[in-house]
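Chemist: Here is how the chains run, residue by residue.
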Amino acid sequence: MHVLYRFLKSVRLAIVVILLITALSLLSTLVPQGRESEFYRTRYSPALYGLIAALGFNRYFSSALFLVPVTIFALNLGVCAVDRVVRRARMKTQKRFGPDIVHMALLVLIAGGLVTTLGRTEKDFVMSQGQKAEVTPHYSIKLLSFEYLKYENGSPRAWISIVDVLRDGVLEAKAFPIRVNHPLRLKGVSVYQATWENQSTFLFRDTTGAETTARIGEGFEDSDSVWYLADVVEDGGIQKALLQQYRGNVLVSIRKLAVAESLGQYTLVRVQQNLVTGLRTVSDPGFSTVVVGAVLLACGLLLTFVQNRSKEIA
Amino acid sequence: MAQAFATTALILIATAAALQIAFLMRKGQTADPVSQWMLLASSLLLLAVTVDRSVRISFPAVTNTYESLVFFSAVVCALAFVLRLVMKSAVTRFVLLGATIFALALLMISSSPLAPRHIQPPIPALQSLWLVLHVTFSFIGEAFFVVSLVSAIVQLVSRNVERKAEADRITYTSVAIGYPIFTAGALIFGAIWAEVAWGQWWSWDPKETWALITWLVYTAYLHTRLVRRLRGGGSAVLAIIGFAFTLFTFFGVNFLLSGLHSYG
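Respectively, the protein sequence lines represent chains A and B.
In this text, residue positions in the first sequence follow my numbering: the first is 444, and each later residue adds one.
In this text, residue positions in the second sequence follow my numbering: the first is 56, and each later residue adds one.
Hints may be right or wrong, so weigh each one.
[What the hints assert, rightly or not] Listed below are the simulated BS3-like cross-link pairs for lysine-lysine, each with C-alpha atoms no more than 25 Å apart in a straight line:
(1) K538(A) - K575(A)
(2) K754(A) - K143(B)
(3) K585(A) - K538(A)
(4) K143(B) - K630(A)
(5) K630(A) - K617(A)
(6) K683(A) - K699(A)
It is worth saying that the hints were derived from the structure and are not from the lab.
Predicted model, so just to flag it, every value in this text is computed and none were measured.
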């Protein structure tokens with residue numbers, strides 16, 4: 444028992460385990476993670492594929508290869524922290540407890556990571572204007588509007604989903620703007636702005652008078668090229684269809700088409716813009732533990748530095 | 056105007072490096088009297104570039120590779136200036152030269168096609184105070200690692216026992232200061248930003264993994280200080296490896312591995 448205790452509190456063990464985790468994690472970044480086995484079979488030689496599959500290197504961070512050293516590291520940290528505290532209690536002169544806080548903070552962080560791994564859930568969904576979605580058994584949200592703001596150069600500036608929050612059917616928050624970096628926090632769950640989809644439709648009439656409805660991404664042939672519907676844009680206060688002409692894989696031209704204008708044999712009859720928002724609900728019971736660990740870590744590191752400095756000056 | 060500032064800073068840093076080399080090659084122990092002021096001026100000019108771009112995009116300009124390189128170079132120059140003020144030893148002259156050459160290299164990369172300099176306002180994911188803290192603290196921490204790299208090299212190549220001990224002290228002090236700042240920036244603020252932006256504080260993205268690897272190496276470095284046999288050469292080698300990983304986390308992952316950090 445004494446030998447095991449001495450082994451687990453050893454600084455050398457800490458160094459070896461840290462370097463082992465470092466080396467294995469480094470190798471893991473060279474192997475794409477979480478793909479299907481077919482991906483690895485076609486990409487690597489049979490011997491290397493066998494090694495990756497046997498060691499679980501394709502899912503390294505949930506494999507024994509990672510979890511066993513991390514467990515030893517956590518044990519080492521725990522025993523080392525306890526040993527330091529006990530030693531300080533015996534030798535009352537030793538007052539450097541910064542490293543102890545750092546060690547405990549790391550244990551709290553590992554515990555938070557474990558809770559996140561085991562308990563985190565997420566769900567993606569899309570909403571159109573006026574739609575309601577249940578977020579938890581008690582909370583639901585209703586999408587009032589979705590805005591996609593752009594900079595002058597056309598790059599995205601903000602995606603904003605404005606929602607009413609209802610608790611057991613009763614309005615709790617009115618017109619809350621969910622945007623990237625500004626999630627809606629409810630009890631036990633957060634709602635994030637994750638994505639958006641352009642579900643706009645375009646009604647065309649051809650020269651025979653037949654009407655066709657097209658969506659973003661669809662197109663029609665024009666001699667040796669293809670015109671694709673790319674977006675709906677505002678041009679001089681008028682909504683227009685933005686079309687891109689491709690020859691093979693090469694973009695050769697862009698055209699904005701207003702209602703009643705023609706392109707080839709097609710005339711645009713109507714544009715119906717419809718942007719839908721993509722939201723994500725996340726429940727992560729480990730994050731608050733991680734925040735506590737992070738704060739402890741910051742305090743511990745600061746204290747270690749201050750105590751070292753005081754010792755140096757003394 | 057910002058471009059003129061960056062070019063002037065580059066010329067000043069190059070001149071400072073040339074002066075430092077010239078004084079190191081002389082037999083006397085005196086350091087040149089002006090290069091540290093050139094570094095201070097360069098740092099201020101580069102910070103002015105950052106401020107100018109920040110005003111133009113209405114957000115702290117640390118959101119792409121060019122802006123990161125300019126900020127990193129400014130911090131390294133400022134740190135070299137402070138180092139020269141507080142330390143007067145012979146080792147400091149080598150450390151100062153190393154830091155100056157590193158700042159110069161960063162600026163030269165920022166002028167290359169690897170770092171397009173066109174001004175672009177931040178996309179929604181980058182519009183966060185946590186991102187600003189994440190980037191600035193990471194680079195400030197890494198600036199201290201630059202100092203530790205040079206002093207670790209001096210420690211390994213020097214035959215003079217006193218100089219070795221002095222270099223070892225500088226390496227340890229710079230890691231001891233840089234490590235908590237890097238931890239706060241790269242790991243803590245980065246994780247909080249990721250949670251606020253995407254709802255996932257850690258996703259084992261290659262850049263995150265490499266930042267963790269770098270942090271682990273410096274953690275190992277600090278622990279080698281507690282084992283007598285590993286102190287000295289062994290820990291100096293770890294400080295050098297740690298910095299190599301710092302560089303790979305910044306450049307290598309951006310250009311060789313794909314992931315969430317493709318913008319900077």
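Chemist: It remains to establish, for every hint, whether it holds in the given structure.
Modeler: The hints, checked one at a time:
A C-alpha spacing of about 58 Å is found between K538(A) and K575(A), which places the hinted pair above 25 Å, so the restraint is violated. Between the alpha carbons of K754(A) and K143(B) the distance comes to roughly 22 Å, so the proposed pair stays at or under 25 Å and holds. Between K585(A) and K538(A) the alpha-carbon distance is near 56 Å, which puts this suggested pair outside the 25 Å criterion. A threshold of 25 Å between alpha carbons decides the hint, and for K143(B) with K630(A) the separation of about 57 Å lies outside it, so the pair is violated.
Using a Cα cut-off of 25 Å, the hinted pair K630(A) and K617(A) holds, with the two alpha carbons roughly 17 Å apart. As the CA atoms of K683(A) and K699(A) are separated by approximately 6 Å, the hinted pair is consistent with the 25 Å bound.
Violation of the numbered hints given earlier is confined to hints 1, 3, 4; the remaining hints are satisfied by the structure.
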